[in-house]
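Now for the letters of each chain:
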Amino acid sequence: MYILTILSAVLLSVLTGMPVDSSSLRLEEVTVTAVHRHSSPITSQSSVEVPAEQLKEQLQSSLAQSLNGIAGVQASSIGSGQARPAVRGMGFNRLAVVHDGIRHEGQQWGDDHGLEIDRFAIDHIEIIKGASALLYGSDAIGGAVVLSTRGRGAMYEDAKPIGGSAQFFARTNNKLFGASARVEGVKKIPSDQVPHTKEGTFYWRVNATYQDYADYSVPTDSFEYYSYRIPLYKRTLRNTAGREADGSLTLGYTTGSWHTCLRVYETWARSGFFANAHGLEVRLSDIDYDRSDRDTDLPRQEVNHLKVLWHTAYSHDHWGVEVNAAWQHNLRLEESEPVSHGYMPTPPDTRERQFSKHTGTLHALAKWNVAARHTLRFGLQGEVQHNRRSGWGFIIPDFEQYSAGLFAAEEWRASRTLTVNAGVRYDYAHMDIHAYRDWFPTPVGDTAVYQERSAAIARNFHSFTWSAGLRYADKGWLVRANIGKAFRTPIAKELGTDGINYHIFRYEAGNTDLQPEESYQADLSVAWENEYVRVQVDPFAGYFPNYIYLNPTAEYREGLQLYRYTQAQVVRAGGEAMLTVRPWRHMDISVQGEYLFARQLSGDKKGYGLPFSPPWRVMPELRFHWETPLVHRTSLPRPSLGYAAINFRVCGAQRDIVPPEKPTDGWWTLNLSAGQKFHLSSCELSISLKADNILNTKYYDHTSYYRLIDIPEAGWNISVMAGVEF
Amino acid sequence: MKKNIILLFALGAMIIGFAACEKTAKDLTPPVIDEAGFLPADCDIYYLGDTIQVHFVCSDDTELGNFNIEIHNNFDHHTHGTSSVDCDGEEGDDHHHDGDEEHEHEHEAVEGAWVFNQDYAIVRGLSSDTVDIAIPVPADVLEGDYHFMLRLTDRAGWQTLKAVAIHLHNPNE
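Chains A and B are the protein sequences, given in the same order.
Everything in the first sequence is counted per my numbering, starting at 345 for the first residue and increasing by one.
Everything in the second sequence is counted per my numbering, starting at 5 for the first residue and increasing by one.
In isolation and in its complexed conformation, chain A is listed as follows:
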């Protein structure tokens, strides 16, 4: 029923034909302009762009980790293969990850759940620092990571009929090896073959990635946990190995004004959890974890993510419309050794938790150049989520969630240098949470009761949000300012959970009365550059009247400490600063830094900060880069483009902690990287090297999943990548 309503509304908005012009609407894939443009149409927002080249240099095995070197962006590692991204300390459900126009939907509430996206299939990343609810709705309360796959430059104009690339990479720390390949092509279809149309272009692309890694090494032989020494075999974290296989396919067709494409992405990953970190004791286990460093014993996680996306856009002189429809299936299996606990008898199998989540999304966008200087945008978004759990461990209930959002935004190009924008948005969400009872009885008095762990809840949420901003660009200045209100719908776990979290051994209680989390945020970005210097400062301040927070209480329930979801007033502020100096055309000296402050202003934890708050960080870098003219006369490879850099990562201590966190000391690491491209007559070769933490510094990352049990971050590592593009 909801789907029908949403569908018909979308159709209606498309048919009524919101006038627009051809240049924008996130149609970069079609128009392929030479000038690099914003992915986001709200140009006043403070953002960082990560082009493909820069992404490649990172040589990280996961997408989130590749972003870790950007001020304002954090990657919390979950073992070595996966990481969870955060922007200005906001992660989980407070950060929207938008993949080719569609919000990526997995089980992003989990501390130990990574991002199920193939980083090698991503060509461009834009990180929007600050609330982006106007465009992306709920979850974009802390920002958005906008990922896009694009063709190679000018692909549809003078592209070769067929091309591709292959990359081979290895890392020493976790003995990772992997390969990624891409083949793509275009075919022009003359207009006489397709009646009633202009000349069209058919294009296609196939991506495949595979990587396999062993347990990762840490610079310590053992670690202390509650005054207890846990020895590590060969300085590796047992059972953190894993593997990942990804594939994607794109088929598209475009004429001058029409563009349609179908994309299919599949990601599969399996990785072990450090055996001592999941309430499971090695001694009780018959598993010989130290037998091999490449196997993934229990406990482990396995994730499959399938995404099918269909995009169609039409643009005319003064208007354009775009429709994105997508279906995602996230299948996550978490296995542990079946062990009895409390009144729970020994479970029959290893399937502790399994989540199967289907998400259907429909977005319609329209753009209309009302007048020479005015552009109106309308958007309609509908989403259906269907989540089913199974397995003997309960953490979140089954649920269905239906949501719809409607926004309108106006952009006014006041002058050559100044653009002003403003928008409003309304969202409605309906959440249906199913009841859940334990599969085993618990004695209560003289009777045995199958305890209810989640009550059936039906809730409706309404949110009205707005934002306004300006962008001023002139004579080397770029000033962006934004102010707005954003929101987030409470998730099923926050509303409905009521039971023992066997992963962290605590009793977690949801709160059915939670209101949508809201935030008011202002952010500013001031940048100035000339030939030799670039400087940018991005401060922000925000206020949450009702931040949703899992509060550790003094109470016990069923023998374990009770953690209860509550809402508190929170104020947050901070910012990033970046300075680059180019004293010589081949040398850049740069430094970037970030700082974040958060304070709870009400509730039980008044005066405390927020959990997983990243401490300040400064990253100085000295970088040499060179370019030599292309020579095609010989068949010998000629160096064309290269770089070498030395980089420090300096991180402050985090003493602003919330129970059960521990204070984390500051640290610094030294990193080196270098790369070179070679041109051959028909292809381009590239090789990159990166040495991380070359001093093998033992340090703790306050935002890391394993921080709570005192496990240091990975030790030194050398990554190598060789690539060929043809």
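It should be emphasised that the hints constitute simulated quantities derived from the structure, not laboratory data.
Fair warning: there could be bad hints in the mix.
Said to hold, decoys possible - Only pairs whose alpha carbons sit at most 35 Å apart, straight line, appear in this in silico DSBU-like list of lysine-lysine:
1) Lys166(B) with Lys1042(A)
2) Lys1006(A) with Lys829(A)
3) Lys166(B) with Lys1006(A)
4) Lys504(A) with Lys400(A)
5) Lys166(B) with Lys950(A)
6) Lys578(A) with Lys400(A)
7) Lys578(A) with Lys166(B)
8) Lys829(A) with Lys30(B)
9) Lys30(B) with Lys1042(A)
Once you've looked at the hints, dock chain B against the given chain A.
Coordinates of chain B only, in the frame set by chain A:
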């Protein structure tokens, strides 16, 4: 417009300044369980049908929360991180410190083994307390090695754990 934005940020800075200066007595340390005089002591032996006299002193720099006592079998001789030992005469294997995860344990439920799990409240407002509890040991449970586990919170939600190895003996054997 620009002035307005600057004003807004000045306001933001003031809020933060205010928040930063706010002198809230923040509890950043977990409660403390005194080692001295703690009963039961490691390797204490109790008879079935007997009573375990629990005695300990706990304190917190701000305010104590509550505590929980759990007794579970240690027939497989696992070891807790917080001072629980393998007592002499027990047949603990020699690598018992191998990767034991302190935090919490999942225990093999053994038919007939004693399971005790009880939450206790501490009077509000105390920063230190002396606890004396008598826990009767049922006469009809299996004898053997057990762990006595104490969990203590403070008002802020910090938790401290203590585990003690005890032995239950059947007087009729």
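We went through each hint and held it up to the structure:
Note on Lys166(B) and Lys1042(A): the hinted pairing holds, with a Cα-Cα distance of about 29 Å set against a maximum of 35 Å. Restraint check: the Cα-Cα separation between Lys1006(A) and Lys829(A) comes to about 33 Å, which is no more than 35 Å; the hinted pair holds. Restraint check for Lys166(B) and Lys1006(A): satisfied, since their Cα atoms lie roughly 18 Å apart, inside the 35 Å limit. Distance hint between Lys504(A) and Lys400(A) is fulfilled; the C-alpha atoms sit about 23 Å from each other, no more than 35 Å.
Only pairs whose Cα atoms come within 35 Å are accepted, and Lys166(B) paired with Lys950(A) is accepted, the gap being roughly 29 Å. For the hint pairing Lys578(A) with Lys400(A), the CA-to-CA distance comes to about 31 Å; that is within 35 Å, so the pair holds. In summary, the hint linking Lys578(A) to Lys166(B) is supported, as the alpha carbons are separated by about 30 Å, within the 35 Å threshold. For the suggested pair Lys829(A) and Lys30(B), the alpha carbons sit about 30 Å apart, so the restraint of at most 35 Å is met.
Our distance criterion of 35 Å between C-alpha atoms is met by Lys30(B) and Lys1042(A), whose separation comes to about 29 Å.
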